[in-house]
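Visitor: Sequence:
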Amino acid sequence: ILDAAQQVFETYGARRANLEDVARAAGVSKSTVYRAYQTKDQLLDAVLARQLLDFFTQLDQVASGLPPREAVVECFTSGLALTREIPLLAKLFEAEPETIARADADRSHNALLLNSTDQAVKTLRRAGATMPEPELITVTELMLRLAYTYMISPNGHLDMADEQVARDFARTYLAPLVY
Numbered sequence: 070i071l072d073a074a075q076q077v078f079e080t081y082g083a084r085r086a087n088l089e090d091v092a093r094a095a096g097v098s099k100s101t102v103y104r105a106y107q108t109k110d111q112l113l114d115a116v117l118a119r120q121l122l123d124f125f126t127q128l129d130q131v132a133s134g135l136p137p138r139e140a141v142v143e144c145f146t147s148g149l150a151l152t153r154e155i156p157l158l159a160k161l162f163e164a165e166p167e168t169i170a171r172a173d174a175d176r177s178h179n180a181l182l183l184n185s186t187d188q189a190v191k192t193l194r195r196a197g198a199t200m201p202e203p204e205l206i207t208v209t210e211l212m213l214r215l216a217y218t219y220m221i222s223p224n225g226h227l228d229m230a231d232e233q234v235a236r237d238f239a240r241t242y243l244a245p246l247v248y
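The numbering of the sequence shown is our numbering, which starts it at 70 and goes up by one.
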């Protein structure tokens, strides 16, 4: 069901997709999909959680063997690029950024993304970051929020689609935050 849902969300976007399309793509009945996921938002959350796990696994590999500050630079640069390369994330960030940034009382895709702070903190620890845990969590969340802002709204004074611009920005402004 998740593979079919991912395909449907990539094709139609989150707004236009529906559970009936997912059932058809998965080759199962609508009731099977509804038993597993009562709403489209629940299904989208599950698909996004899986995508983000893959996303942060790739960033963890990028950071492997790098010192903490260089890990920040390469993960920021690669993270921006990955959001354009992973089809579902690219579709949502480009065509439906409100889906990513939506903040409902009960659920939030933004919270789903920001909960990845723990994964990013672990990556920086493996890279050798020695700063106290509360500081590393705060700095990591700050960097993620900044990265998400550039992912949702990439146009500005800096062209973050340019890998060298993103790398220089991260080296100058983000890397010094981590030790």
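Hints in this document: simulated from the structure, not taken from any laboratory.
Some clues are possibly wrong.
[As the list claims (entries may be wrong)] Derived pair list, reagent style DSBU-like, types lysine-lysine, alpha-carbon separation capped at 35 Å:
1. 109 to 99
2. 191 to 109
3. 160 to 191
4. 160 to 99
5. 160 to 109
Model, not experiment: these values are computed from the prediction.
Visitor: Next step is simple, just say for each hint if it's right about the structure.
Guide: Hint check:
no.	hint	in the structure
1	109 to 99	holds, 12 Å
2	191 to 109	holds, 31 Å
3	160 to 191	holds, 28 Å
4	160 to 99	holds, 25 Å
5	160 to 109	holds, 17 Å
Of the hints listed earlier, there is not a single one the structure fails to meet.
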